[in-house]
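Chemist: Starting from the given sequences, assemble the full structure and let the hints guide the process.
Protein chains: 2
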Amino acid sequence: MRNAEVSCQAMNLKQLSENLGLSQTTVSRALNGYPEVSESTRKRVELAAQQGNYRPNMRAMSLATGKAMTIGHIIPVATQSDVVNPVFAEFVAGASQTYSQFGYELMLRFAESKDEESTYRSIVAKHAVDGVIVHSPMREDSRLALLKEIGLPFVVHGRVCDTNEEYNWIDMNNRSAFKQATQLLIDLGHKNIALVNGQESLSFAWLRRLGFLDALHENGLTHNPSLMASDELTETHGYQTATKMLASDHAPSAFLVSSYVVALGVRHAISQAGLAIGKDISVIIHDDALSYFDNSGAVPQFTSTRSSVREAGILAAEMLLKQIDEPELYPQTKLLKSHLIMGSSTGPYRAQLSTLV
Amino acid sequence: MRNAEVSCQAMNLKQLSENLGLSQTTVSRALNGYPEVSESTRKRVELAAQQGNYRPNMRAMSLATGKAMTIGHIIPVATQSDVVNPVFAEFVAGASQTYSQFGYELMLRFAESKDEESTYRSIVAKHAVDGVIVHSPMREDSRLALLKEIGLPFVVHGRVCDTNEEYNWIDMNNRSAFKQATQLLIDLGHKNIALVNGQESLSFAWLRRLGFLDALHENGLTHNPSLMASDELTETHGYQTATKMLASDHAPSAFLVSSYVVALGVRHAISQAGLAIGKDISVIIHDDALSYFDNSGAVPQFTSTRSSVREAGILAAEMLLKQIDEPELYPQTKLLKSHLIMGSSTGPYRAQLSTLV
DNA sequence: GGAATTATCCAAAGCGCCTTGGATGTTCGA
DNA sequence: TCGAACATCCAAGGCGCTTTGGATAATTCC
Numbered sequence: 091m092r093n094a095e096v097s098c099q100a101m102n103l104k105q106l107s108e109n110l111g112l113s114q115t116t117v118s119r120a121l122n123g124y125p126e127v128s129e130s131t132r133k134r135v136e137l138a139a140q141q142g143n144y145r146p147n148m149r150a151m152s153l154a155t156g157k158a159m160t161i162g163h164i165i166p167v168a169t170q171s172d173v174v175n176p177v178f179a180e181f182v183a184g185a186s187q188t189y190s191q192f193g194y195e196l197m198l199r200f201a202e203s204k205d206e207e208s209t210y211r212s213i214v215a216k217h218a219v220d221g222v223i224v225h226s227p228m229r230e231d232s233r234l235a236l237l238k239e240i241g242l243p244f245v246v247h248g249r250v251c252d253t254n255e256e257y258n259w260i261d262m263n264n265r266s267a268f269k270q271a272t273q274l275l276i277d278l279g280h281k282n283i284a285l286v287n288g289q290e291s292l293s294f295a296w297l298r299r300l301g302f303l304d305a306l307h308e309n310g311l312t313h314n315p316s317l318m319a320s321d322e323l324t325e326t327h328g329y330q331t332a333t334k335m336l337a338s339d340h341a342p343s344a345f346l347v348s349s350y351v352v353a354l355g356v357r358h359a360i361s362q363a364g365l366a367i368g369k370d371i372s373v374i375i376h377d378d379a380l381s382y383f384d385n386s387g388a389v390p391q392f393t394s395t396r397s398s399v400r401e402a403g404i405l406a407a408e409m410l411l412k413q414i415d416e417p418e419l420y421p422q423t424k425l426l427k428s429h430l431i432m433g434s435s436t437g438p439y440r441a442q443l444s445t446l447v
Numbered sequence: 091m092r093n094a095e096v097s098c099q100a101m102n103l104k105q106l107s108e109n110l111g112l113s114q115t116t117v118s119r120a121l122n123g124y125p126e127v128s129e130s131t132r133k134r135v136e137l138a139a140q141q142g143n144y145r146p147n148m149r150a151m152s153l154a155t156g157k158a159m160t161i162g163h164i165i166p167v168a169t170q171s172d173v174v175n176p177v178f179a180e181f182v183a184g185a186s187q188t189y190s191q192f193g194y195e196l197m198l199r200f201a202e203s204k205d206e207e208s209t210y211r212s213i214v215a216k217h218a219v220d221g222v223i224v225h226s227p228m229r230e231d232s233r234l235a236l237l238k239e240i241g242l243p244f245v246v247h248g249r250v251c252d253t254n255e256e257y258n259w260i261d262m263n264n265r266s267a268f269k270q271a272t273q274l275l276i277d278l279g280h281k282n283i284a285l286v287n288g289q290e291s292l293s294f295a296w297l298r299r300l301g302f303l304d305a306l307h308e309n310g311l312t313h314n315p316s317l318m319a320s321d322e323l324t325e326t327h328g329y330q331t332a333t334k335m336l337a338s339d340h341a342p343s344a345f346l347v348s349s350y351v352v353a354l355g356v357r358h359a360i361s362q363a364g365l366a367i368g369k370d371i372s373v374i375i376h377d378d379a380l381s382y383f384d385n386s387g388a389v390p391q392f393t394s395t396r397s398s399v400r401e402a403g404i405l406a407a408e409m410l411l412k413q414i415d416e417p418e419l420y421p422q423t424k425l426l427k428s429h430l431i432m433g434s435s436t437g438p439y440r441a442q443l444s445t446l447v
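From first to last, the protein sequence lines stand for chains A and B. Count the first sequence with this note's numbering and you get residues 91 to 447, in order. Count the second sequence with this note's numbering and you get residues 91 to 447, in order.
None of these hints come from the bench; they were simulated from the model. Errors might be hidden in some of the hints.
One copy or any two copies: either way a pair holds, since identical chains are not told apart in the list.
[Said to hold, decoys possible] Below 20 angstroms or equal to it, Euclidean Cα-Cα: the simulated SDA-like pairs (lysine to any residue) are:
no., residue 1, residue 2
1, Lys104, Leu300
2, Lys238, Met101
3, Lys157, Ser212
4, Lys238, Ser386
5, Lys216, Leu137
6, Lys238, Asn143
7, Lys104, Pro438
8, Lys216, Ser118
9, Lys157, Ala215
10, Lys104, Thr155
11, Lys204, Gly279
12, Lys104, Leu426
13, Lys216, Phe192
14, Lys204, Phe192
15, Lys369, Glu239
16, Lys424, Arg265
17, Lys104, Ala154
18, Lys216, Ser107
19, Lys334, Pro390
20, Lys204, Gln187
21, Lys204, Ser190
Modeler: Here is the structure:
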């Protein structure tokens, strides 16, 4: 498929400088904005570079400068056929905006947890990246120590609970958001509130659980373990959990759900039980603002704690690039406040049909 | 954050060969499996490399060999805040398996259509990739000609309709799958069948539309334009479309839906209308087998045409790497057959409540 | 006008790897 | 025992870029 035209396409410094009758040094300096070149030659060089569609060979540039101009995203998966959290794609879409703005590329990997360590060591030894984003931090997470040992700059999307170490992170206020949401349900008169959560070995889910419990306890309510479920963020998880809970003796009158996808399963279970969301049953979800699940509008479908994951991606990337540029900034942190948005899925408590029947 | 330990971590060929008392040539050859080195030294070298956690500097290697050892995925988006099709993440997760198996890295970009051309030209000029996967092909798609001109190896995930040119592609049988699904609905007695489709400027949606029409026409049915909707694959699209259609005078008794996400909206609209899926209304979806929407099990929720996007990713990547390795294979093509899977969302036609009332 | 700046530009080294074209030592057949 | 064939290893050049340390010409200052 490669043909003769290719050689025209891929011009290099040497050719460019020969065409211009200048040295490689001068051309390089002209293009990189060094002062030792006159404004007139700089213009001439830039024009020629543009016309020749010249871009420095990224590999050669990296070799010479020692900078990979690439950021790695290593997505942890349990197995190769594992669930891929839809949040990651949205986050990456955001981060990628920042990267292209600053001339960086994005390298993506999926790593099973068992070879996560070797993955990190490998990409560093290969000089593949200048830094990484750590996804899906766990309550305790060995990646912190590992990355510090390797000396690879990183930003965590989320936080690690069981550590006193410092590190760069960007996170939303999981705990207070879920506390606030729970409080809203309590204020509406709900007492039997179910939490349909993500895997609580992961920080975000654990913190949401804590926030949920905070609110219950502050209001003198006891939590019911059978109304607390924790699993991967799938529709099935939501459906099966809600179905089972609704059929039980102590059916909840309200659900607090950790993601939109899960809520779709919950919604389905509720309507299959012949109940109406926002009337018989209240639901609050956490809304990551995924682009294909639109929960906005004048009156959103779901009452929700909303925090844009895409924006988090943008900001995380900015933080990382800044960290790489100015190591003395370490550590940087940023807490994003979610918004509690009233939708049509919440309403005052009322005795449920099923219990009346 | 980088500290003294780093230098220990990042060993290079020179150091390694000095440690071993061998030349760089020999060490390089030993590690790359050349025959000019004795088995005993090879063992010795491999051991030392492993112990020193030596990995060749990817940038230097690329420069020397001319191979980037990287594949690019350029995801087209209308605007930076655009919907990111969930299918892409799953596809990429699959492709990534193949890449890491063969020592390749995956470079990801999101490109607005207006600067798609410059994106491709740029990554080629930069020598950033050895090939690319083309996502979301359109009915007519300028990327084909562009990539051929540039001479960059590529594989299209899907097909381009309006072209006679040859190119590498991997696709599912969109047209026949949707024809088959439509036929099933017709066989069940349905005559008013709605198609809730993706954007029909995209090939996959257009082909599904054609398949849908094929079946209608073969059975002497005329299509009703008001029962054919086409938009981005969001839940909202499904919900609003189905709500409107169900409320109209010629409400459909069956829906053919282009994705699981959209179907969730359709399902919601149906249950809000007080109708039961699989009884009052039949629904067939196309199921990309996304990991967080589980539509498997003994009796899946939705009757569906299923084709795993993740597997497509694996195979597309294999095809591309093979193409890069053996250019004479051009063009390669692969058609994946989707499976029609019976779920509980379809049933024989019966007069609808709404029309009876 | 001559020395000291300043403005421009260049030659060459080096980043870490692969690879060509020998060099050296070993083994084998005659 | 000697040359040929082979096995084993090495020195050095080159991939395309950045960057150091001048060189040359133009300008300024006394």
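Chemist: Each hint needs a verdict: does it hold in this structure or not?
Modeler: Going down the list of hints, with the structure as the test:
1. Lys104 to Leu300: neither (62 angstroms within a copy, 53 angstroms between copies)
2. Lys238 to Met101: between (40 angstroms within a copy, 18 angstroms between copies)
3. Lys157 to Ser212: both (16 angstroms within a copy, 19 angstroms between copies)
4. Lys238 to Ser386: neither (40 angstroms within a copy, 42 angstroms between copies)
5. Lys216 to Leu137: Cα proximity of Lys216 and Leu137: across copies only (18 angstroms, versus 35 angstroms in one copy).
6. Lys238 to Asn143: between (40 angstroms within a copy, 17 angstroms between copies)
7. Lys104 to Pro438: neither (74 angstroms within a copy, 72 angstroms between copies)
8. Lys216 to Ser118: between (26 angstroms within a copy, 15 angstroms between copies)
9. Lys157 to Ala215: Both ways: Lys157 and Ala215 sit 13 angstroms apart in one copy and 18 angstroms across, limit 20 angstroms.
10. Lys104 to Thr155: both (18 angstroms within a copy, 19 angstroms between copies)
11. Lys204 to Gly279: neither (46 angstroms within a copy, 52 angstroms between copies)
12. Lys104 to Leu426: Cα proximity of Lys104 and Leu426: none, with 48 angstroms in one copy and 47 angstroms across.
13. Lys216 to Phe192: between (22 angstroms within a copy, 15 angstroms between copies)
14. Lys204 to Phe192: between (33 angstroms within a copy, 19 angstroms between copies)
15. Lys369 to Glu239: neither (54 angstroms within a copy, 61 angstroms between copies)
16. Lys424 to Arg265: within (15 angstroms within a copy, 49 angstroms between copies)
17. Lys104 to Ala154: Classified as both; 15 angstroms inside a copy, 17 angstroms across copies.
18. Lys216 to Ser107: between (31 angstroms within a copy, 17 angstroms between copies)
19. Lys334 to Pro390: Between copies only: 18 angstroms across, 27 angstroms inside.
20. Lys204 to Gln187: between (31 angstroms within a copy, 15 angstroms between copies)
21. Lys204 to Ser190: Close across copies (15 angstroms), not inside one copy (32 angstroms); limit 20 angstroms.
Hint compliance for this structure: hints 1, 4, 7, 11, 12 and 15 are not met, and every other hint is.
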